[in-house]
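Visitor: So you can see what is in the structure, the chains are spelled out below.
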Amino acid sequence: MSASAEATVLITHEVGLHARPSVKFTKLAKTFSAEVEMALAANGPWFDAKSIVKVMAAKAPKGTMLHIRAKGDGAGEAVGALVELVRRDFDEGADHARTA
Amino acid sequence: MPEPLRLTGISASAGYAEGPLFNLEPVAARYASKATAAEEKAALEAAIGVAAGRLAGLMEIADGEAAGILEFQVAMLEDDALTGPAFVAITAGQPADAAWRQALDAEIAGYETSDQDYFRARAADMRDIRDQVLRALTEDGGAAAPAGAIFYGEDIAPTRFLETDWSCGGGIALKAGSAASHVAMLARSRGVPMVVGLGASPAHLTGIALLDAEHGGIVLSPSKAEIDAFRQSSSSFTARRDRARTYLDKPAVTKAGTAVRVQVNIADPSDVDGIDISTCDGVGLMRTEFLFGKTLPDEETQYRAYRKVLEWAGEKPVTIRTVDAGGDKPVPGFTVEEGNPFLGLRGIRLSLARSEVFRAQIRALLRAAVHGNLKVMFPMIAVVDEYQRAAALFAEEQAGLSARGVACKMPPLGIMVEVPSVAIAPEAFSGVAFFSIGSNDLTQYVMAAARDNAAVAHLNSVRHPAVLRLIASVAAFGQAKRIPVSLCGDAGGDPASIPALIEAGLRDLSVVPAQLAMAKAAIADVAV
Chain A
244 MSASAEATVL
254 ITHEVGLHAR
264 PSVKFTKLAK
274 TFSAEVEMAL
284 AANGPWFDAK
294 SIVKVMAAKA
304 PKGTMLHIRA
314 KGDGAGEAVG
324 ALVELVRRDF
334 DEGADHARTA
Chain Z
297 MPEPLRLTGI
307 SASAGYAEGP
317 LFNLEPVAAR
327 YASKATAAEE
337 KAALEAAIGV
347 AAGRLAGLME
357 IADGEAAGIL
367 EFQVAMLEDD
377 ALTGPAFVAI
387 TAGQPADAAW
397 RQALDAEIAG
407 YETSDQDYFR
417 ARAADMRDIR
427 DQVLRALTED
437 GGAAAPAGAI
447 FYGEDIAPTR
457 FLETDWSCGG
467 GIALKAGSAA
477 SHVAMLARSR
487 GVPMVVGLGA
497 SPAHLTGIAL
507 LDAEHGGIVL
517 SPSKAEIDAF
527 RQSSSSFTAR
537 RDRARTYLDK
547 PAVTKAGTAV
557 RVQVNIADPS
567 DVDGIDISTC
577 DGVGLMRTEF
587 LFGKTLPDEE
597 TQYRAYRKVL
607 EWAGEKPVTI
617 RTVDAGGDKP
627 VPGFTVEEGN
637 PFLGLRGIRL
647 SLARSEVFRA
657 QIRALLRAAV
667 HGNLKVMFPM
677 IAVVDEYQRA
687 AALFAEEQAG
697 LSARGVACKM
707 PPLGIMVEVP
717 SVAIAPEAFS
727 GVAFFSIGSN
737 DLTQYVMAAA
747 RDNAAVAHLN
757 SVRHPAVLRL
767 IASVAAFGQA
777 KRIPVSLCGD
787 AGGDPASIPA
797 LIEAGLRDLS
807 VVPAQLAMAK
817 AAIADVAV
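In the order they appear, the protein sequences are chains A and Z.
When you read off a place in the first sequence, starting at 1, and then add 243, the result is the number in my numbering.
When you read off a place in the second sequence, starting at 1, and then add 296, the result is the number in my numbering.
Worth flagging that the hints you see were computed from the coordinates, not collected in a lab.
Incorrect hints may appear among the rest.
[As the list claims (entries may be wrong)] With a cut-off of at most 25 angstroms between alpha-carbon atoms, the simulated DSS-like pairs for lysine-lysine come out as follows:
1) Lys314(A) x Lys302(A)
2) Lys604(Z) x Lys267(A)
3) Lys270(A) x Lys297(A)
4) Lys314(A) x Lys270(A)
5) Lys604(Z) x Lys305(A)
6) Lys273(A) x Lys297(A)
7) Lys302(A) x Lys604(Z)
8) Lys297(A) x Lys337(Z)
9) Lys625(Z) x Lys305(A)
10) Lys305(A) x Lys267(A)
11) Lys267(A) x Lys314(A)
Chain Z on its own, in the form it takes in the complex:
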């Protein structure tokens, strides 16, 4: 019996699968060369026709995202700019398969070297087009995968995904791959478990494997105990998910009938595209670091991003956090190099130190505010002076915009509660519009355990009495002063932490969209 082998990757589509491994082979080149260039050309033309026909056939049964991918691939195959170089190479004496491979590899390389994730991810679609035609050329139907197989290999083609019958289970485990790939999107929409980024693992593996795409890992040659534990996690996940689905469309209420608001955290404006606004109570945290990529964003870019989310949310609130760069989120040209970045110039400290960048964000927020129900909060507030200075900048910029006749509106201004000084002595902040507890940072500062350090992960628990006591005291202070208190850290979406948070007095949680249903289901179990 071989030793169990464990590989760790990144979850691209949550779920569990147990089944035989199926190795995704690159297409075998078993092409029989023809006598003349004319025959080679005819063979390639026929193969392109067969591939386009197969794609068109898949299009008839595909919908939405899948149809979009197929339409793109058919358009590519119909474009002479793609196929032309291969025919030129055939004229020059190349056999059809080599000519096609060369032409497509040149095109694929262009995508692989893109500096944008989106375009890099299209390389997989292009490889798929290449292999579809090669398969038609070599008449290699590809070995059929057994039912419920776990596809294992470098990457998987979208057409392979679409051709596979997933009704008997199965999953995908990729050494490379990307959570932004078309296949990952398809896997999420069809509920097929998928893990990417397993890294430099063995080329070929056989036997039964356990794919844990909830946490992102796979176990090969598992022991009896591992199989038992896996099946337990798997059925618990299925039960949680199935049950959770029934809660998604309903407002969250505890067993005792206590209503809990559940909002979503988003990191990018496009995150809201997949969410039905009726399933949540608004956006509890919209991060703005995404805007601060390689270059500092201009006011207009920010304004459009904020406006998009506000218009999507309609009357429901959207809480936007001013840029929280620094710490583990460096921004070139903005943040500074520091020995201890978590305790350094980050969040509001950095914004106040670089007020020209902050002012552009403030103007964008003030202008966007007229398009919805905006609230703005400041990260990393430690003393009330920081809040006052930030609020003063809002007032100044509003006066400036109004003087120029630009439409704008002052949103309610609140603060993140994540520095222990605020949680311990909230009374200095009785003038803020709202509190939002950032449980990730609050926990790491209270426990003195960095959240990006696995060696101290056991200390980093929001359920430690010290952290919960602070949360409860902030909730009580808010209630006494009629200041709304919410929580937007990872704990808000963690079914194991939700009961403690509600017992601590919180009635407003913000979670990542994928946890929305699970969080509502967990709330329904709380006795309070």
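Isolated chain A, as found in the complex:
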């Protein structure tokens, strides 16, 4: 039986889902075998969360409610891990200091 999971999380990063967070986001998504997608609205359009081209193309600004869903092996873990990453502000507390 194929598992599926879905969740939403608020992007609090100052410039939104930009270059470095997108790299972290897609790298993490690729560690799961499940098919993972993201969207800026509940009814889509849905983007491949493992593709940096697609994730960047979504141009999610700060304050966006990000929708994440996954299908297949470890779908729940994948969604959980990605939501956690966004919640932790992409671990940019220290890194972000250099972008100003």
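For this one, chain A is given, so just place chain Z on it according to the hints.
Guide: Below, chain Z without anything else, positioned relative to chain A:
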């Protein structure tokens, strides 16, 4: 001898460079087509591999910001979603270079049309990826720039910046470009002078150029006199900067041992990310207009922005100014169209007229206050009634939040001194918690010279005796009544004005972060 040519732009990284111009050419398409689609695909695959390898090589020597950009570019090159369309086009009969260019240009266009500065600025990173692969395809190593060259062109690729040896000087002068680009960030962190936005200037230029990235300009074919003047400004800048650096970590003290507090002005919460809190005495002015962009911000968005800065500052004070829209800062849906906006419904006048917007900001401030050492000030106060009405709204909202059990705290409430009525007759305001002199507006109102009008710029001087006398009288009033007085206008960070401000009795200045070191150095020179 050709006539000197002067171009004006925007400084993206302060400094001076004198050197030969080097034209940044777009990549020349000298690609030799292959016989079959399979060979075209193999050529593109190899070129992508070469480009990714070069980027990975740069990553080994890069750190921080630069490594982040390179990692992003490598991730892009490894993504089939980026390269796929090019391989499809090759199958359809396109040569590798055209297929790649087309695929990338489509992607780049998506960034160029973004309505957010940040994403628009990424178009340069994408063009860089495109050109890296094209360069590998055409085996065009790109003409080497001479040492100490000033790179001139439309835009410059981050990899080009990283490949260049800046130890012999040199700089960047761009017709387009953006101060928010990755290259601009790199240039600032490496101290490479850079000017952007030179506009529609000649396509190709040669010869020696003088790049003044302190003020934002470049002179081509300079005269002897211009070169001499430039070298003087350049060495004075270097001396000031080098000397200033040694002052950054120390508290500011004058020659006579008088301590001066130096705080920073910030316009956006992310401004504090690049500042070490130990180098300043707090935030003397946090503007809140940034929140009022296209739409009016909700309470939650504001609360998070204020809290971020308060938590960064720790125990040090953060003075947040309630929204100062109007004048030269219109906000759609909030400010009104007026014939004379500087003398119209702006600052506190507008906030009191649109109290539902003001109340949301007040609630956000009251809630954020529990997370640090917050002070709040009102802009454009002219009469004491305005202060009292604003303070009453704070009290009302605090009562409302407390009744709902929401954590909140009343911050000290002060006023900006920028309308001459307050500076002339401060005695009406003996009940406020503090004064912050807004020297930009105070000067323009005292001198009747708009600060956004170059034709009257010569009148707009904070050092005019009339302005200085008002500042001195406010400082004296504050001292007599034990009301703290600070100054947060541009004059506070101007080394030429600092001595006069300290002589006028000020001991608390707030400056933009980039001027922090220079301001401390200038204070150390003051005899008072």
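Visitor: If a hint holds in the structure, say so; if it does not, say that too.
Guide: Hints, one by one, checked against the model:
1. Lys314(A) x Lys302(A): holds, 24 angstroms
2. Lys604(Z) x Lys267(A): holds, 23 angstroms
3. Lys270(A) x Lys297(A): With a Cα-Cα distance of about 13 angstroms, the restraint between Lys270(A) and Lys297(A) holds, given a limit of 25 angstroms.
4. Lys314(A) x Lys270(A): Holds, at about 17 angstroms.
5. Lys604(Z) x Lys305(A): holds, 14 angstroms
6. Lys273(A) x Lys297(A): holds, 14 angstroms
7. Lys302(A) x Lys604(Z): holds, 23 angstroms
8. Lys297(A) x Lys337(Z): holds, 23 angstroms
9. Lys625(Z) x Lys305(A): holds, 23 angstroms
10. Lys305(A) x Lys267(A): holds, 17 angstroms
11. Lys267(A) x Lys314(A): Given pair Lys267(A), Lys314(A) holds - Cα atoms ~20 angstroms apart, limit 25 angstroms.
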